[in-house]
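Next come the chains, spelled out residue by residue.
2 protein chains.
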Amino acid sequence: MRIFICGFGTVGQGFAEVLASRKKFLSERYGKDIIIIGAMDSRTFACDPAGLDPLSLVSRKKETGKVGGKEYSDPRDVLSECDYDVLVEVSPTDIKTGGAGLGNITCALERGKDVITVNKGPLALRYRELMDLAKKNGCLLRYEGSVGGAMPIINLCTEGLVGEKITSIRGIFNGTCNYILSKMDKGQPFDQALKEAQQLGYAETNPTNDIEGYDAACKVVILANSVFGRDVKFDDVRITGITSITDEAVAMAASRNMVIRLIGEVTESKLEVGPRLIPKGHPLSISGTLNTAQIITDLAGPVTVSGRGAGRTETASAILSDLIAIADRRLRTDGKSLHL
Amino acid sequence: MRIFICGFGTVGQGFAEVLASRKKFLSERYGKDIIIIGAMDSRTFACDPAGLDPLSLVSRKKETGKVGGKEYSDPRDVLSECDYDVLVEVSPTDIKTGGAGLGNITCALERGKDVITVNKGPLALRYRELMDLAKKNGCLLRYEGSVGGAMPIINLCTEGLVGEKITSIRGIFNGTCNYILSKMDKGQPFDQALKEAQQLGYAETNPTNDIEGYDAACKVVILANSVFGRDVKFDDVRITGITSITDEAVAMAASRNMVIRLIGEVTESKLEVGPRLIPKGHPLSISGTLNTAQIITDLAGPVTVSGRGAGRTETASAILSDLIAIADRRLRTDGKSLHL
Chain A
1 MRIFICGFGT VGQGFAEVLA SRKKFLSERY GKDIIIIGAM DSRTFACDPA GLDPLSLVSR
61 KKETGKVGGK EYSDPRDVLS ECDYDVLVEV SPTDIKTGGA GLGNITCALE RGKDVITVNK
121 GPLALRYREL MDLAKKNGCL LRYEGSVGGA MPIINLCTEG LVGEKITSIR GIFNGTCNYI
181 LSKMDKGQPF DQALKEAQQL GYAETNPTND IEGYDAACKV VILANSVFGR DVKFDDVRIT
241 GITSITDEAV AMAASRNMVI RLIGEVTESK LEVGPRLIPK GHPLSISGTL NTAQIITDLA
301 GPVTVSGRGA GRTETASAIL SDLIAIADRR LRTDGKSLHL
Chain B
1 MRIFICGFGT VGQGFAEVLA SRKKFLSERY GKDIIIIGAM DSRTFACDPA GLDPLSLVSR
61 KKETGKVGGK EYSDPRDVLS ECDYDVLVEV SPTDIKTGGA GLGNITCALE RGKDVITVNK
121 GPLALRYREL MDLAKKNGCL LRYEGSVGGA MPIINLCTEG LVGEKITSIR GIFNGTCNYI
181 LSKMDKGQPF DQALKEAQQL GYAETNPTND IEGYDAACKV VILANSVFGR DVKFDDVRIT
241 GITSITDEAV AMAASRNMVI RLIGEVTESK LEVGPRLIPK GHPLSISGTL NTAQIITDLA
301 GPVTVSGRGA GRTETASAIL SDLIAIADRR LRTDGKSLHL
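In order, the protein sequence lines correspond to chains A and B. Residue numbering for the first sequence follows our numbering, starting at 1 and increasing by one per position. Residue numbering for the second sequence follows our numbering, starting at 1 and increasing by one per position.
Incorrect hints may appear among the rest.
What follows is a set of in silico ranges between Cβ atoms, one per label pair, in the way DEER data are often shown [what the hints assert, rightly or not]:
1) A:Asp328 to B:Asp33: 42 to 52 Å
2) B:Asp235 to A:Glu129: 34 to 44 Å
3) A:Asp94 to B:Asp132: 30 to 40 Å
4) A:Arg256 to B:Glu248: 21 to 31 Å
5) A:Arg256 to B:Asn137: 56 to 66 Å
6) A:Asp132 to B:Gly201: 41 to 51 Å
Covered by chain B, per the in silico footprint, the following chain A stretches (three or more residues, Cβ under 8 Å) [said to hold, decoys possible]:
7) 146-153
8) 160-174
9) 281-293
10) 298-307
No wet-lab data here; the hints were simulated from the structure. Note that CB positions come from ideal geometry on N, CA and C, so glycine has one too.
Just chain A, same shape as in the assembly:
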């Protein structure tokens, strides 16, 4: 099985490292190697049908700023020239246009290739179109890491809980906001908590996407489309960020044994991101940078998951889980269980 990695920033490099660390596990599981045959960053690419060493790719990127020795002008040329089985699309997210990722995913699916992505832009903007294209061409399009990083939610909802009627999902989908709100629980003012989040690398220099709730809104859109079968876009989300939450509001919540959390909520008809009061001890009352989601089902009742919403290795681990699911499907031809 041959992989092409589009985007070689933090997540792309993290995935190459994870793949190297799981080489033996994957060879034993499938009786054959899973190799990287190509990688591309914003300007350069490398391609070798015999396989590229993952760690050498990471070193070259670190040392030269380029993943490959060749430059390209149109990514479609590269993706047509190199032959691969699975495209791992982890180029930078652009939630306004879909960015390069949208073109890369489309190009791969048109050629009948399976795709794994964590790129929220294309999924938040063109989910239905991309899934239809995948279906038409008999491809798998998987995106576990696009919502909540290493928090297992997409595949849990669409596979493990597929027999359930899911009536709502409510969750904390932005670790930066949760970090800030947790610090405010302890008496820190908003500005100071934000500054600390920036110093620790949780928040970007321009924190708008996080604190205004835009990042959480993307995830809510992906859940609405994938789990609820809706056909919604970013602009359909009613969004309130956390910038107007005062110290007084947090203190008043505490006096009622509650905390304030930025909650994304999806149902058949609702699509919202905004601050909510959560009782202490409730699964959605967690502190720190974790993401969490409570899935309400008709048979199982409430099922809650939490995990790290971001991070190099954490996001790569979500890609690995999708890769294993694809390989289980594609490489398991004898009808025997791999899980025994």
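With chain A fixed as given, assemble chain B onto it according to the hints.
This is chain B only, laid out in the frame that chain A set:
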């Protein structure tokens, strides 16, 4: 696909009802019906190769106390006479001998039949033996509901997180104890909280299995064997219950912003159940009857799940998820994805 249900108490009836409620979903997913062809309680059985109506079985059991019109002396005779594809084994748990369930599961696996069970006894006592037997005969043995009811943990660890190195699992595996401890957080004395749990049906008249930690210990054993590949038994668990937790201890924890929870813990070398101090806001600090588990992995970091640990429909929902996984494997012969 033909199902035989062994044990027709709360969970068996709940599963029959769930199957009836998902008739259309399952027929559409697989292009064929999944039917119950037999059911057995402690003395009687019913069997019809053409299929039995799930809700009629439940009605008959409720009205007459018997699931079937015929009595049997040896369950093996019944399980040999009726032809089925999947055995759903939900007879009463016996953590000392394995009870009837151990014989039923063994009998099915010997005949090459897939098995779904939530019966902790056979799994806590003979896990390795049963899995080896399943493997030898090319069968699937699944048991999602045996640990934490509707909390998705077994299949998450052995499938979704199969690419991870799991280093530890710590969790709340007994909802009764968690209910009592949550009430103690609010100032109720232990005896009163226990009495209330009994009145609400959370705790049995003889609450020993719950409050002494024995029930949680069974689940810890199942996790150790299935997720960590260990070969341990109930007697290997170091168990402390919650009976000696005083109001003073709970108050002192609260003064340090902590709660006391009964935590089961498994690593490569550890196997324990006992009260632990958990910081408020931590995923394991949840209140009420929920079960929860934090899985520590090398790539994804901590992944936490929670859900209802018991209940008629909740436990049946875990059986349904195992049934779908088996049907996906057995009935998907065209190589095409069912999840697109």
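Practice task
Go through the numbered hints given earlier and state which of them the structure violates, listing their numbers in rising order.
Solution key: Numbers 1, 2 and 3, in rising order.
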